[in-house]
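Put chain P on the given structure of chain Z with help from the hints.
As you go down the protein sequences, you meet chains Z and P in turn. Oh and the first sequence: position 265 is 265 in my numbering, straight run, nothing missing. Oh and the second sequence: position 275 is 1275 in my numbering, straight run, nothing missing.
Everything labelled a hint here was simulated from the structure, so no lab data went into it.
To be clear about the criterion: a stretch of chain P counts as covered by chain Z if any three or more of its residues have a C-beta under 8 angstroms from a C-beta of chain Z, and this derived list gives those stretches: (1) 1047 to 1061; (2) 1074 to 1081; (3) 1085 to 1092; (4) 1099 to 1109.
Beta carbons: idealized from backbone N, C-alpha and C, even for Gly.
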Amino acid sequence: MKTSSLHPFRVIVAKEISDHVRSWRFIIMVGIIALTCFGSLYTALSNFGSAVKPNDPEGSFFFLKLFTASDGTLPSFLVFISFLGPLLGISLGFDAINTEHNRGTLSRILAQPIHRDYLINAKFVAALSVISMLFFALGFLVIGLGLIIIGIPPTAGEFLRIVFFLLASICYVAFWLNLSILFSVQFRQAATSALASIAVWLFFTIFYNMIVNLIAKAMMPPETAQVQYIIGYQKFILNLLRIAPSQLLNDAATTLLMPSVRSLGPLTMEQVHGAIPSPLSLGQSLLIVWPQLTGLIAATVVCFGLSYASFMRKEIRSR
Amino acid sequence: MIVLTGLTKRYGSFTAVDNLHLTIRKGEIFGLLGPNGAGKSTTILMMLGLTDPTAGTVEVCGINSTSHPIDVKRKVGYLPEDVGFYDDRTGMENLIYIARLNGLSAREAEEKASALLRRVGLAADAGKKTGKYSRGMRQRLGLAEVLIKNPEIIILDEPTSGIDPSGVREFMELILRLSREDGITVLFSSHHLHQVQQICDRVGLFVKGRLIAEGDIDGLSQQLFAGEYLTVKARIAGKNERLQDTLGNIEGVVSVRLQDGVYHVSCSQDVTANIADAIVRSGAGLLHLQKEEYGLDDIYNRYFEGGKA
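The shape of chain Z in the complex, shown without the other chains:
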């Protein structure tokens, strides 16, 4: 043990991290995520030969295929992250504040010489660092295993793309984490806040697409409509889809992991005309997904801001 005295903020963060790591629900979530990731890695590797085609513009980026390739039996790494990530975020945050309150520890901690926001900030920082460590560990394990099995090291560009993809997924999980922290400040019962977070998650993963489809059908322009009109319609539908955070992550991840993707919206023949079917540079790919990344970060910050404000105004009573 260290003998120097730590800043109280770091003491809380350390305690929260050790709480997370010891908790059964975290161990279970990690187990599920690790298993599915290695499952998807296995399927990606087992038909790796067919995934890499000659004359593919992404041919030089076949390492990235580890994260996106799938033979249809198991979804890819990317799909698993966008599906299980929210659950991980929710499971780390849904009882952040209300359990402290119900156990009677909140007033006790706040009676110590610390600022009130230390507690909520520390909860966020602790959960976020746990998530980051987990994701980077998983991502690098996938890289390492791929390296052993394929035998060809990734290029620097590929490595950076993977790092950015991991960062984007961390932002995505951070959004769900903050949403569940917000609910944990708002609702007295941990079960209520967990259900509320899961309801939002289900809404965005299942029902939101259905609703957008309904709108899309209702607004479908006739086939004889002018090109601008059809493009406008498609853009509108895409933007509707992008309200869902998972769509933002998908957009960002596909662009980062498939360097040949040059636009996330519809492209006309004139725009494509003259373009060489070659991969984009990392900088260009990042430029394309910049709005998506900003959107994810903004949603995260809004949720955190709301929970911060309502926590600071909360009346601290014993139980």
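Showing chain P alone in chain Z's frame:
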């Protein structure tokens, strides 16, 4: 040590604490006595700066709690009502965590925590998870936690609720000993009159957000029953119309009330003999004469149960 000036807290139209003035001196044990919902906890939260007052100021050790809560919380140990711990950690771990939040290093925290656990009699249970602690043990652990920051003041909010009588006695003795040995100022809130009576130097009576009286226990009953020192109850045989006036004219009698054939005579001094004499001389047969002095029980009944009605 603690100075409250014109302290007021309103929740919407409900006034929880109403224009409270109170001074607590260094080294004393002050009891805040009042029924549930009288505003005791709200007052305590304002002293710690956990709740902002609507009006008035709180000064603890000369520091304004509302504007500098951190400095206040460094000097004040607070044991909330129904204290909670991290149930999946041991008593020792819980204590070390709090110690480190107060800026102690890991080694200091550990030394201090084990010393304090010994002091509150929990040394044998230090390695047990707090989820398995009994109510009394939790309160003692709470007290250890309060002491770990070397406080100048400790504030205990209903520390004895839910503990069995022998546990209460032990706990009160522990508080008393700590206060005397270390010269710590103690503020103690309770709705149990007898516990307050046992250890407190001074008592403040708190009803509906107002402090109706403060002082030591003798001073308190004089303050509250000014002019009504004791009541003499006399049952007489037969009826005597003029007796009420006769009794009222005795010097020292404040009021006379006839209820179910029993005269209730409130006196400002002990004039029982004169009353008995007057009754006998009036020709009525004196059946029963009882002298009732006001104690804290009556304070309790009169103000608390009156306060609820």
